[in-house]
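One line per chain: the protein sequences are A and B, in this order. One point on numbering: in the numbering used here, the residue at position 340 of the first sequence is 348, and numbering is uninterrupted. One point on numbering: in the numbering used here, the residue at position 350 of the second sequence is 358, and numbering is uninterrupted.
Fair warning: there could be bad hints in the mix.
One copy or two, either will do: identical chains are not told apart, so a pair holds if it fits within one copy or between any two.
As the list claims (entries may be wrong) - Straight-line Cα separation of at most 30 Å, DSS-like style, residue types lysine-lysine; simulated pairs: (1) Lys309 - Lys119; (2) Lys93 - Lys246; (3) Lys309 - Lys259; (4) Lys146 - Lys246; (5) Lys374 - Lys51.
Hints were generated in silico from the structure; no laboratory data involved. Just so you know, these numbers come straight off a predicted model, no measurement behind them.
2 protein chains.
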Amino acid sequence: MYILLVILILAYSKNIECKYTFDTKYADVLIDHFSYTSNKTFKLRYLVNETFWTANGPIFFYTGNEGDIELFAQNSGFIMELAPKFNALIVFCEHRYYGDSMPFGNLSYTKPEYLGYLSSEQALHDFVDIIDILQNSKYGSDGPLPVIAFGGSYGGMLSSWLRIKYPATVQGAIAASAPIWQFTGLTPCGVFYSIVTHVYASANEKFDCSISIKNLWPAIRRVANTPDGMTWLNSAWKLCNNITNTKDVQKLIDAVSNALVNMAMANYPYANTFLADLPPYPVKAMCSELIEPEKYMKDDKKLILALGKALNIYTNYSRTAKCNDFSDTDALGISGWDFQSCTEMVMPMCTNPDDMFEPSAWDYDKVAQDCLVKFGVKPSNPREVVLQYGGKNLKYASNIVFSNGLLDPWSGGGVLSNISSTVTAIVIPEGAHHLDLRESNPADPASVIRARKFHSDSIQNWITDFYRDKINSNFNRVLLV
Amino acid sequence: MYILLVILILAYSKNIECKYTFDTKYADVLIDHFSYTSNKTFKLRYLVNETFWTANGPIFFYTGNEGDIELFAQNSGFIMELAPKFNALIVFCEHRYYGDSMPFGNLSYTKPEYLGYLSSEQALHDFVDIIDILQNSKYGSDGPLPVIAFGGSYGGMLSSWLRIKYPATVQGAIAASAPIWQFTGLTPCGVFYSIVTHVYASANEKFDCSISIKNLWPAIRRVANTPDGMTWLNSAWKLCNNITNTKDVQKLIDAVSNALVNMAMANYPYANTFLADLPPYPVKAMCSELIEPEKYMKDDKKLILALGKALNIYTNYSRTAKCNDFSDTDALGISGWDFQSCTEMVMPMCTNPDDMFEPSAWDYDKVAQDCLVKFGVKPSNPREVVLQYGGKNLKYASNIVFSNGLLDPWSGGGVLSNISSTVTAIVIPEGAHHLDLRESNPADPASVIRARKFHSDSIQNWITDFYRDKINSNFNRVLLV
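The whole structure should be built from the sequences, with the hints applied where relevant.
What follows is the structure, encoded as structure tokens:
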């Protein structure tokens, strides 16, 4: 099986709902913050909403992930709902090489000479520069404001790393569903797919739906072993992209596996369009379509038909699609994350024999070789993230909340228990991928409401500390010269 | 007056005494740790002495400054004397672009395209990589070892920054005479030369020697205003580099100012060759040559002769020199630091009207323009160091001792009072530039002996913490894959 390196965000719906409005700003930041071969800059995009801000209110600063920042701004309602309570300025800052923030314009993705400045360290420094600009603007005219970093998924990793590396810049960080330990030597490679399997296995009280899925792959391979079988499958599943050869079969299996992962990540208690147009608790919804395995399990075609029908929840929840499309859509965002996976963000992934997915080992050498072919680069050191951000040794970090939903496969690489009194972990048993960052919903489980309260209390403490320290120490505002 | 940007280390004696022996090692490290335009490496030099090391003993890791690492290894006897007590492995790691660690060989200094990778962030990552190599060698075979970073001057800045940025890599840092606050917005630009003036003013109980020095500059300018006067001065001071024009006069004044600064920095209680071949307490020695100002003060030539004789302490303490040379010798090291001053290490310096030096303002724009002419670069942001390392906001740092000698002009940009219970400051009233890192000497004042004891006790606490945390937490050793 092809292991999905690119699953942090994947294909967002192209139809971004624009519930929240922002002023779009651009600032010149260095392309390379850490060397001095050139002092070229580019325009980094950030979104600002000052509706709720009053003097001395904090800055809520979302550290953008691998995608268009508008997507995150529209899918992080918690931040918008919390801002009035704190009179906070809201800023969503884009990650370089995504959305509208291209260091070399249309050439940015053409070769390593241009793409090479895509790294987490460079992105963190961009964030520091934007915060510095804000502090030296009208917002900071009465003195520096406390800054709270927010982020989900890779954005959550960045928010925690921003606090770890630049504690003088951000006072605290809410890191939601941040798999900062999904790296070499820190977490077994099979945890991710084991969690996905577990989520499907426990979605229905009556039976284990993961077994039906586990049987799907060999059934597809047997049926699609002949041209007639492929034709049948194309028709049975109404595929938009028909399969015509063995390579296509592999692609289909990868895409369906990916869809199953996406449903686990977006396994929210209400209908949503986060990763696809999905019903409430999509895993449960899909599994409920499969509750009579005796009716289909013994026959390949019946099994494929049953699964095809169940998977319509993913491809055609709106019932408007004319065919079923499992492919990802956000090609650029994925390409960027692919590059990051090939340089810094090397996340070992494999399946265990008991998982509902086809067997797959983690083969670092093959990954590195594929990266060389695809981008002309390979990871310089698979442990770079561990060396850079400290791995499991976070004793000396402070003011970070790591939150994880236990329905989220990424929780396996997350921080699930407290590190110290100021680096705390909060677990949301009924939560999927950073549910806590989403806007409140009547269907929210009690655990996510508690998590959001915990975030709010933590932020309150950090802000109180900030102003106390400011009064009691020689904390200086550093002015631009 | 030309402000001396390059004074952290300056001209070491070329005759390095080799009291301590090391194995010389080289490791391949990335030229650029933070981007992925290329994965080229170069050979970084480090020196290892395992004489005192036994299993589980810590690593004492000196973070090399702007010069040949051998110089620091031979001038940091405190580390060598402390190692047996802790069974420590001793490592002196060279800073890229100095000594034998040239990323682009002989071309390294030829243009920004090559020289641009000279930055503190890149150097810190080199150190992290070398420590990682050591942890994964025979030394770490029983588990990771606690690492204590040491450094003096810029090396001390690096040792504190290494702990601040990479607390998972180093357990604590001794930062001796580290002017981490000698940056824009943190420390008034005149502090440095005020301290030098104060040291000369108080060197002799009977009179204020800084007044004689303050009168020297106009005397030189008046006398050297004619060709005959220049000839007289060349002969009176037996200059190696004769002055023949106004530019030379400026150079001479700068060089003599520099010599006076060097004597303040190396104002140790015993003869030493650290910055020049100097007697015990060279400032006192020089000032004692000037105790009868009434005999020379009213006459320019008499004043010049008296000062020339006094300055022989700097240029000819050995009484073997045939002429007097005030110029610096370590051209390469200085060139590197000049570049760093033109990019990241922008340290505002000026003189106050009451100082014994000629008046000089801090003119950032002029500095930037000169940098552009000299190196083809200018500072991207004069506050880069503040943004990168936190400026005065060190509340969330830990396990650092900042030590400063009050005779040292760099103490003005240092941390002179405790930041927290784990970021502490220790002051050595009779100490000059990182006296505490030098080997013990019968002439050592009690204050430096106390400082060394404080260092030792701090290190003991950090090591105890390290092994306690290792036992009580899920602290994992991350193996190379």
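Open item on the list: Run through the hints listed earlier and report the numbers of any the structure violates, in increasing order.
Closed with: Of the numbered hints, 1, 2 and 4 do not hold.
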